[in-house]
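S.K.: With chain A's structure known, arrange chains B and C on it following the hints.
Chains as they are written, first to last, in the numbering used here: chain A, 1 to 230; chain B, 1 to 223; chain C, 1 to 257.
Hints were generated in silico from the structure; no laboratory data involved.
Each residue gets a CB set at the ideal place from its N, CA and C atoms; glycine is no exception.
Be aware that a few hints might be false.
[Unchecked claim] Facing chain B, according to a computed beta carbon distance under 10 Å, are these residues of chain A, among others:
(1) Phe126
(2) Tyr131
(3) Asn136
(4) Phe137
(5) Asp140
(6) Ala149
(7) Val154
(8) Ser165
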Amino acid sequence: MPSPNSRNPWMFLLGASLLVCMVVDLYLIFEFAPEERSMGHVQRIFYFHVPSAWVSFLAFFVVFVASIRYLWKRERKYDMAANSAAEIGVLFSSLVLVTGPIWARPVWNTWWEWTPRLTLFMVLWFIFIAYLMLRNFVEDEERSARFCAVFGIVGFVDVPIVYMSIRLWRDIHPSPVIAGGEGSGLHPDMKIAFYFSLFTFTLLFVYLFVHRLRLEKSSVALSDLKKEMA
Amino acid sequence: MMNKVAVILWKDLLTEIRSKEMVFSMLVFSLMVAVIFNFSFPPGSDFIQDAAPGILWMTFIFASLLGMNRTFVYEVDKGCMQGLMLAPIDRIVIYISKLLVNFIFITLVELIALPLFGIFFKLDVLTSPGQLALVMLVSTLGFTIIGTLFSAIAVNTKTREVMLPILHFPVSIPVIICAVQATTAIFQEQAWSVVWGWTKIVIFFDVIFFIVAFWTFEFILEE
Amino acid sequence: MAETNTKNQILSQAGDATGNELPAIRVSNLVKTFGNKFALNRVSFDVKKGEFLTIFGPNGAGKTTLIRILSTISTATSGEITLYGLSPHKHATQIRRQIGVIAHQTFLYDDLTAEENLRFYGRLYSVQGLPAKIEQIITDVGLHLRRRDRVRTFSRGMQQRLSIARAMLHDPALLLLDEPYTGLDQHASEMLSGWLRRLRSANRTTLMVTHDLERGVDLADRIAILTNGKLVFDQKRSQITPDSFRDTYYEFVEKSG
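In isolation and in its complexed conformation, chain A is listed as follows:
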């Protein structure tokens, strides 16, 4: 395998297109998309909040697939991929948990509301954190990879069941109605900004993932070298 380095033309292309997309996305979000009538400018946080949520799911899905692949093939690269995706998952689910209250405060006049989605992300965040803690608390690398793979699979399978139960729980304790619901009845220009933002965040995920994986590979190679010298 050729060692991926910063001169790799594909990596350069990826970075450059991400940069362009990000600038365009900022323009679309803050200039192109019209101001929401009832919520005002604060609604623009929606273009960050929902794509972050999407990337968290994507990261979790990558953890799930990589974990299955690891148990199947026992190749270290799958474990590295799962670990990298889990870290990015923590980052983006944290973003969801931060942008949620910022949005909720002016709109619902409360920092935290136990809406099904926000609650789900709280749980998701805990599962990601538990995953990373587990990784650090098992000394043997091979064993930690196996344990994390099992936990990654269990955690992913859990998500729909968590959502089901939270949904039902909220039904009997109704929350303030979200104006129109996220994503529904959007102005066409808002839709353009939203889908473009979704695309940009996905690209950001790919970019971070590839680089995190490279870092992981280098750090494993380094620790192997250290062990050889010891």
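M.R.: This is chains B and C only, laid out in the frame that chain A set:
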């Protein structure tokens, strides 16, 4: 296969009868939590009755985590785990027998603690015993399915006792929510359809995670 | 019934059509890595049926790893192993019936009595005529009077004797010994040696790993040395004297650093 499960089950029951380690500590813990929770409300408050199902399940789940931490500890500490792994049995036999052991002990503790809760919280716990039995059965099964799997992981980590709850809580949230809500509905004598709405999610959880545990357990024991 | 079939199958496979007897253990190019570290590095050897092989090695040489792989509870990174012609990976359950392991840990439950411990393991192995066998073997290891006492009350030596009974209960064709002398007093060690000598028979193969030079050399038909995951010495017992072997061993251990 089931007779090998019975062999391990027999061994674990006998060990527990001799040492009384798990059941006794879970029971004492449950009663203490019940008493301490009582102090977190103003004396004579009616609110405590609304909160009772939540307190009941929180107590059960904390107590069961305490107990399930022991599942593999005494096997690993004495090297017996190796003895089990050397035996001509499938890995899953070990899982199923440990699951049953945990389930039996936790249910036993729940059955003793439940009437005492009723007395402490001035609650009629036997409004519909059949429904409550079903909810307790599937919910307890739910967190033992997950707990047995995770205790095999936790026993091999640096911080054994801490790791199990950290892994267990986020994953078992559906069981906690549904068990509490179903029990509330039962205590408030709501319609069966309401209770069933919650119970079926727990049953779904049980089935799904039994399958996942069945498939992944051997990867945990491997070396 | 199932056990008898497996045993017959294993014994019949031990001699193939060409008349060349298959070895009890065949290990070729066995590699086990932990991360980047080699626990076992291209280890190859055969153990003939009925042979007693002792592998010496300092701590960390990979001895326990070898025993764990041979006893099917750990898997090799690469290389091939066959036990009586069967792969431990594919035929784990079949092979486990034929293996008895005695290690420094006893695998016994403190809160159970001697008899209950044996009954537990006997049932796991589906041993036929278990009560009579337990009675017999518990007398053989000299624990008949203490059979109803909890293992917790036993001395280390007594526990190890019970551990031998546990390993022999299902009459294994292959005996794997991992530092069985650790923690034993003089008397108990002699007893263990006596036992191991008595257990040797035409059909029972023994592989012992240890760093105890005196005990190991005595019993063996063949002696090998493992250092840093490599097999560096392998000779017949008859070709060496205990004194010359001692020097050879220390030389290898020093070289391994």
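S.K.: Which of the stated hints cannot be reconciled with the structure, identified by number in ascending sequence?
M.R.: Checked against the structure, no hint fails, so every one of them is satisfied.
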